[in-house]
Structures are given as C-alpha cells and as structure tokens.
Amino acid sequence: METIDLTKSSLRDLNEILQRQSEITNQKQWEVINPKGAHAVAVGLNAPLELSIKGSTGYYCGGMNQKANIKVYGSVGPGVCENMMSGCVTIEGDASQYAGATGQGGLLVIKGNAASRCGISMKGINIVVHGNIGHMSAFMAQSGNLVVLGDAGDALGDSLYEARLFVRGNVKSLGADCVEKEMRPEHLNILQDLLNRSNANADAKEFKRYGSARSLYNFDIDNAGDY
Amino acid sequence: MCGIVGLFLKDKSLELTLGEMLTQMLITMSDRGPDSAGIAIYKNPKNSFTKVTVQSSQPQIDFENIKIELDSLFNQNLEIMIIDTHAIITIETEYLNSIKEILATSFPNLRIMSIGDSIEIYKEVGLPETVANRFDISKMSGSHGIGHTRMATESAVTTMGAHPFSTGNDQCLVHNGSLSNHNSLRRKLRKEGIECETDNDTEVAAAFLTYKMNEGYNLGDALKAGITELDGFYTFLVGTKNGFGVLRDPIACKPAVLAETEQYVAFGSEYRALVNLPNIDSAKVWEPEPATVYFWEH
Amino acid sequence: MTDHRKPHTTPVKSWTFDDHTNSYIRRAAATGIYDIRGGGAKRRVPHFDDLLFLGASMSRYPLEGYREKCDTSVKLGTRYAKNPIELDIPITIAGMSFGALSGQAKEALGRGASAAGTSTTTGDGGMTPEERGHSTKLVYQYLPSRYGMNPDDLRKADAIEIVVGQGAKPGGGGMLLGQKISDRVAEMRNLPKGIDQRSACRHPDWTGPDDLEIKILELREITSWKVPIYIKIGGARPYFDTTLAIKAGADVVVLDGMQGGTAATQDVFIEHVGQPTLACIRPAVQALQDLGMHRKVQLVLSGGIRTGADVAKALALGADAVSIGTAALIALGDNDPRWEKEYNKLGTTAGAYDDWHEGLDPAGITTQDPQLSARLDPILAGQRLKNYLKVMTLEAQTIARACGKNHILNLEPEDLCALTMEAAAMAQVPLSGTNWIPGKPDV
Chain A
59 METIDLTKSS
69 LRDLNEILQR
79 QSEITNQKQW
89 EVINPKGAHA
99 VAVGLNAPLE
109 LSIKGSTGYY
119 CGGMNQKANI
129 KVYGSVGPGV
139 CENMMSGCVT
149 IEGDASQYAG
159 ATGQGGLLVI
169 KGNAASRCGI
179 SMKGINIVVH
189 GNIGHMSAFM
199 AQSGNLVVLG
209 DAGDALGDSL
219 YEARLFVRGN
229 VKSLGADCVE
239 KEMRPEHLNI
249 LQDLLNRSNA
259 NADAKEFKRY
269 GSARSLYNFD
279 IDNAGDY
Chain B
-17 MCGIVGLFLK
-7 DKSLELTLGE
3 MLTQMLITMS
13 DRGPDSAGIA
23 IYKNPKNSFT
33 KVTVQSSQPQ
43 IDFENIKIEL
53 DSLFNQNLEI
63 MIIDTHAIIT
73 IETEYLNSIK
83 EILATSFPNL
93 RIMSIGDSIE
103 IYKEVGLPET
113 VANRFDISKM
123 SGSHGIGHTR
133 MATESAVTTM
143 GAHPFSTGND
153 QCLVHNGSLS
163 NHNSLRRKLR
173 KEGIECETDN
183 DTEVAAAFLT
193 YKMNEGYNLG
203 DALKAGITEL
213 DGFYTFLVGT
223 KNGFGVLRDP
233 IACKPAVLAE
243 TEQYVAFGSE
253 YRALVNLPNI
263 DSAKVWEPEP
273 ATVYFWEH
Chain C
586 MTDHRKPHTT
596 PVKSWTFDDH
606 TNSYIRRAAA
616 TGIYDIRGGG
626 AKRRVPHFDD
636 LLFLGASMSR
646 YPLEGYREKC
656 DTSVKLGTRY
666 AKNPIELDIP
676 ITIAGMSFGA
686 LSGQAKEALG
696 RGASAAGTST
706 TTGDGGMTPE
716 ERGHSTKLVY
726 QYLPSRYGMN
736 PDDLRKADAI
746 EIVVGQGAKP
756 GGGGMLLGQK
766 ISDRVAEMRN
776 LPKGIDQRSA
786 CRHPDWTGPD
796 DLEIKILELR
806 EITSWKVPIY
816 IKIGGARPYF
826 DTTLAIKAGA
836 DVVVLDGMQG
846 GTAATQDVFI
856 EHVGQPTLAC
866 IRPAVQALQD
876 LGMHRKVQLV
886 LSGGIRTGAD
896 VAKALALGAD
906 AVSIGTAALI
916 ALGDNDPRWE
926 KEYNKLGTTA
936 GAYDDWHEGL
946 DPAGITTQDP
956 QLSARLDPIL
966 AGQRLKNYLK
976 VMTLEAQTIA
986 RACGKNHILN
996 LEPEDLCALT
1006 MEAAAMAQVP
1016 LSGTNWIPGK
1026 PDV
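Chains as they are written, first to last, in our numbering: chain A, 59 to 285; chain B, -17 to 280; chain C, 586 to 1028.
In isolation and in its complexed conformation, chain A is listed as follows (with noise of 0.2 Å):
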C-alpha cells in the first residue's frame, strides 16, 4: 500500500505518480490522506489501481477515469467523474452537483446523496446514488443508466436521449419529454445487475422506469414550446 499525504505531497505530485502507473503494475494498492477539500484529486487516471480516498474532497475528484476502482471515504464537491471513461468509483459520503457529467462509461455509486444535474449529459455511464438526487438530473442525458433509491428533483429528464432513468422514490416532476416506461424484463436485468454491483439493499420491482418520448427528436411546430 502506497500513501500520499496532500499535506506533504503537492496535488501535481499526487496525480502525477498516480497517472505514471501504467497496466503493468507492481504497485495496485493506494492511498491519499487528507484530501481536505482540493479539487481534482485522482482525475486522468489510466490503470486498474484500487485507490482510497480518506476524507472529502472538492470538484471533479475522478475527473475522466479510466480503468481505476477508487473509494471515496467521504464527500465529494461538483463534477465527481465527470467524463468517466471506464472504472469504478464509490463515494461513501454524499455528491455535489454534476455527478458523472457527460460520463461514457464505468460505474458511480454514491452511497448518499447527489445534488442538482447529477447525469447531465451522461454518454453511458451507469450511475447508482443510494439517496436522493436534485433538480435537472439527466438533462440531455444520452445514454447509459441512473439509478435511484431514494427521490429525485424537479425535472428528471429533461430534453432526454436514450439514456435509461431508474428511479424508486418519489419524482418531483420530469422534463420536458420524459415519461414513465413500461419495466420489462430485460429492464429488471439491467437494473438488478446495477444494484447488486452497486451493493444496494433493493429490489429491482420497487423501481419505475422513466425515459425519452421522442417527440422532441424531429422537429414538429406543436412541440415548439417545450423548447
């Protein structure tokens, strides 16, 4: 196990080793202490690494991940994962705004809550937030899976792709062009296999699917004020 200590290591140190590590690596294990806030702690990484992260950090720790398994044992400010390419990553702690923003791919677990935009513009990846999420969460989100336990904000969806939106509590109101959708079972899979992955105490039933009417996909005069 490897530790980096942000109040000896500068953060350029920090991600700089973190980024060297390449697919052959001896050294799997890592650690950062007292992350006290900063911003992009981990972002850039390219190797299967299992990191821990021990306290709460600032925007987009995680920031354009590929391949790592990191553990936040704390909170984490905007933009957590933004851009995800592959990996997973758990935040013990609760997500500020913009969680997994424009993510492609791999896998965000937020074991508490999320803020407002959390899956804003998601490009596939699979996000599961144990709580609550708040407004605008999956605007233009054009593909991937957001699965939430608890509730969610004012509108869910808006201006939706194809993303897939799996939500267990309550909705507060969707946007403009989402819609509840029939749970079949090649959805119950999908979802089931995120909440195990995710160790989410749930049943896929207790769900509802929520996801794109299409009808803001060609342009027709009727719909013009949903713009």
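Rather than coming from a laboratory, the hints here were simulated on the basis of the structure. The structure presented is a predicted model; accordingly, all values stated were derived computationally and were not measured. A few of these clues could be false.
Said to hold, decoys possible - Listing some non-contacts, in silico: residues in chain B with all C-beta distances to chain C over 10 Å:
# : residue
1 : ASP(-7)
2 : SER39
3 : LYS49
Unchecked claim - Stretch by stretch, here's where chain A covers chain C in the computed footprint (C-beta under 8 Å, at least three residues):
# : region
4 : 780 to 792
5 : 803 to 813
We put the beta carbon where it would ideally sit given N, CA and C, even for glycine.
Using the hints provided, position chains B and C relative to the given structure of chain A.
Below, chains B and C alone, put in the same frame as chain A:
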C-alpha cells in the same frame, strides 16, 4: 464571481475565536476571488449605542480631523476606534442622525461601510489574507459574521465595489453569481428613494432587500420576493442583527455548502472552506435547495 | 399606356419591409419555426476596410523587400504551459467540426495549415484520427456538448480551447436539424441517427469564471500542465470577458466577432447578438494592458479575417494572431461559382449559399454525403489553403515593412487611421487627416 463564507455561532464559548475561524475560511477561498475582500462581523452591541464604520483613503488626515470635530461636539457620548483605513464611531443612538449629517456635509470623502448596533464591516482591495491582516480580523470576537472574496465581473475593482454591502442598519449581503437585470432594478430603486453608490450588481440586491424590509417585509419574505424580482444566477448570504440567511436562485448553478453542528452553522462556496472548523467530520453537511430561504436567528 | 391625365407615381418598395424581410415573414408564417443557417453575420458593419495604414514617410523609413527581414513567427501559450505552440505565421485555422465539414475538408485544412506552419482546431464532435494525422499542430476544442471528449485525445492535442462562446452565437444553444447526423457522426457523438440535435448553451459542469478556474486546473492536471489552455469567447463584453478569462487562468484568449461563422444556428442569433470584430479588439487589448498581461497572455482574433491587410490591422490593434474559418472554406472551394447551376437548383447562388445544415453542399465541404464530398480533392484543396495563407502572410509583411517593422508584432495602433467616425471610435485611431478620436479628449 467569488467566494463567500459565513459563520453563525450557537455556542457562546466559540465567540472569542469567530474572527480567527472566519479569516481561515476566507483565505481558503482566495482562488475564487483575488480582487478584493471584505468581512462583516456582528459583535459587542452596547445598549442604546450605535456603531458607524467608515473608511478613508487618507486615514491619517481624515480620522485626525473627524476625532477633533466629533470630540468637541459629543464628548462623553462618543468613542472612535481606528484600525488601518477604517474607523468605528460608537455613538449614543439618539445622536445617530446628527453624525450622519456631519459625515455627509463635512466629511463627504469618508465612505460609510456599515451602521448598526452590532455590525462592523471591513473591506479593501487586495487578497483576503492581506485584507484580514490589515484589520487584524483574526483577533476579533463576535456572534456571527460573513465574508467575501471577489473576482469582479462587470464593475470595477474598488474598495466600494467589494462586498459585503450594507444598505440598512445591521444588514449586509454577500453574493456569488451575476445578476442580469441589475441596471433596471437600480433605476427602479432610485425612483423609490434608494440610491446605489456603485455599478455593482450586488449592491442592487442589498438595496432591494432593504427596500422590501422598509416596506414591512421580514428578511425571509424579502428574500422570497427576490426569487421573482432578481434575475440571474446567485447564491446570497445575508446578515442581520441576530441572524444569518442563505438563498440560491431557482437554477442554482453557483456552488453552496452548509454545515451544522450543535455549536454553529457554517456556509462556504466550497467544502474546502469548512474543513478546519471544530468537529466538521461529524457535522451535518448539505447543499441548500434552490429558491429556498434558510435562516437562523439567535 | 400611361394616361397623362391620371399619372402614377413610380412604385416604391419599403426600406423597412424590403424583399428579404417580406420573404422572412412569409417563411415564418409557412413553417412556424425560425430559420437556421450557417456562416457569420452577413450585414455590413464597421470592419477593417474602414482603417488604413499610414506607411512610410519622411519620419518613418521602410524595410527592403528581401534582405531586411520581417519576421512573422508567433508563440502562443507562454503563460503556464510547458510546451507553448510555435507558429510560423500569425494565422491559424479556427474550430470547425467533423460533422459540420466533410472528412475531405478537414483533411485539406490539416494539410494546408501544416504546410504553412500553423495550427488547425477541432470542433463540436471530437478529434478524428485523420485530423490528428494531418495537422502538425492541433488545438482540441472543449465544448458544452462534450461530444467525443476523452482523456486520450486530450493528451494528443497540442493545445486545448475551452469554448465559452463564439461570435455567431454568444450564449448559443438551441436546435439543429437532423440531416447531418450521418452514421459515423452519430456514433462519434453517441446520438441516435437522423434526429434533431439539441445544443447545450452552458458547460455541463461549471458556470462562471470562478468555477472555470477550477475546471482549468483539472484539465492541466490531466495533461500534466504540458499544453496551453485557450479560452474562446464571442463578441459580448470584450473588456470584462478578457479580464475574467485571464483571471480564470487562460494562456490564450480567442475572441470571435459577429462575422465569425458557425455550422448552423438561428439566423436571428447570427445577425443580432454579438458585436463586430472591429469593436471588440481595443477593449480586449485594454483589459490585457490593465492587467499587465499584453503579450504574456496572447490574443487571437477571429470573425471576418479575409486578407493580409485584415491580419496586419488586427495585429496593429494589439492581437497576437488571427484565426480564419469562413475564409479558409472559401479557399478550399466553398461557394465557388463553378457550381452555380447546382446552387440555383437549391434556390440560391454562389456567394449566398448558407443552408449548410442540409448537407447538400455542391462543393462537398459542408456535407457528409459521400458523393458530394468526393468532389473535394484534399491534396489540391490543401494546396489552395497553403497558397492563400502564404498570400495573406506576404501581404501582411509588405504592409509591416512599409511601416518600418522588422517583426509583424511591432505594428501598433499609431500606424493606422480611420475613414469613418464609427471605425475611429471603435478602433480608437484618429479619423484620417485629423488628430481626432471620437470619445477621447483632444491630445
């Protein structure tokens, strides 16, 4: 664009370290705003006395003159404390209007930073650490305070452009964001008799709240009125004599983090600002909901 | 036959309700949706043509053509980056996406720019391997959509350009029609094929220069602080925007005036939002000077740059380099009269064709159609671009030499005068034949 911080103490035993904690929080936010900084501290209200905080760009001359002038007029009932470019004039409340008149006629180049029973506002151009050191903020005690570090958007970097803005007794406001209808509002408020001194959008927001409260609204309702009448992106942190309030606009893009324990309520633009507060690891930490007024009062 | 006892006055059309306006109204009434087109502002606004250089005289001596060098090289990104971009000429190719342009057009741009010793820029949709292959210097745009954005490409780039806005649509967003989402483009952007594309107007994970500062930190950390970070803004509030871009941590500011083109957006946006390029330069340079950052944070100007004279004037007013988009496409063959018959079939004429979003471009440049795009030979077109860049550079050098400069960046505002009051006020140079700059006290 900016960084804002606030601390409201529930536990009186922490009052001696208010200034120190607030200074630390503010310095952490320096990256968000290098242009100017300011702090409002609520402290030591003296029964039937009011404090007027003034600023001068030539303190040696001005404060010497004002001491002479006011001593001769008010003698027993007056105290003047000078700190760097600011002076706190503590006067019996019944003489407040006279003081304001004297300041307006004989000392027009002195800028009034705040008026109130508890409030003292210190603000200057420069980095938070520099500003805090000039006024020795970390040695100050108090019951609550708010601070701001500024990156100017559409108005000039000047002392008066710095936040907090105070447009009413014991009231002050700091702001992170950008209002889009501040020019029209400024004109409207002018018609109602409320003049803004700067081009700053935040001053307009402060003036708007004062205007509403002059019309009889309490702070909570004045903030609620702001949700419809103030257009743009904002996180507001407001101070009053006994309390402290937070409001985010309905779109809520600008960051905001609250933390509460049995001893205090703290606010910061980023979680980083709160990390050194006592028992932060066991605090309830959350982000305020959009278009929702949060308020704490002693 | 006119009856002399009851003569008619000659018919007069309205200036307010002219032919174009009336056709706009008819179109709106028929379709119920705004008009979308490509390109930049077409209407006449004060521009570089309204400025003149003074040249050599009794007090100022020119340089000889060959022996006395006039250097044109420029370095962009010297503030923080380990590897600033070194250009042989102060003219770069602006961001245009694969998707908006055909693969052949992108290749041509890469070939021409590389031959001329300058950079190209990706656009909305990401970096293609072909583009990275053909451009010796490639700037990677970071846009609100984040289509195709990934760390591997970010690290392959020579610079990163964060797009906050562009001249055609400062604050842009809205809808684009579906015809241009070909299979390859749909896959790159992770969108269903053939649908209308909705465009976000703000970045998804930051709002405001205070948060942008943190985003820039993240991008630098991902790319090990090696490459310059540009911030591109439209012509909105150039003084404040430039100030804030510098405070947020930019290495380079790219400023795009209203004449700057786009692949497709609402016509009303292009023509009525954003200031002319000429009006934006001096406030931006003032901001740099006020912060002591002129020539330390470089300013790249775009929006209607057409000739070597435009290049020289932009540099004289304080820019470090310029960027061309529309002009580059015209050099490749866009709107060429050789396709006039086909333009007529589309209801337009060479020089006016701007419905690029329909993907029917006869020149094969703003289309994904395989047959049309095959009309553009990337090698020949690349050659044409290189020639054009060469001419602009030679013209700018000619002017600079005539003004006595041995480096093109030594041109200054005092080398200029203005032909109109508006240009004099905007460029802050005197009206020709006078010492008078409108708005400034008499010296």
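Requested in this report: Three residues minimum, CB to CB under 8 Å: does the region 780 to 792 of chain C make the cut for coverage by chain A? Let me know.
Outcome: holds (count 7)
Query raised in the report: Taking the minimum C-beta separation from LYS49 (chain B) to chain C, is that value above 10 Å?
Result: 37 Å, holds
Requested in this report: Compute the least Cβ-Cβ separation between ASP(-7) (chain B) and chain C, then decide whether it is above 10 Å.
Outcome: The claim stands: ASP(-7) (chain B) keeps its Cβ more than 10 Å from every Cβ of chain C (closest is about 31 Å).
Report task. Report holds if the minimum CB distance from SER39 (chain B) to chain C is greater than 10 Å, and violated otherwise. Result -> 20 Å, holds
Query raised in the report: Counting residues of the region 803 to 813 of chain C that have a beta-carbon nearer than 8 Å to any beta-carbon of chain A, does the count reach 3?
Result: n = 6 at 8 Å, threshold three: holds.
Hint compliance for this structure: no hint is broken.
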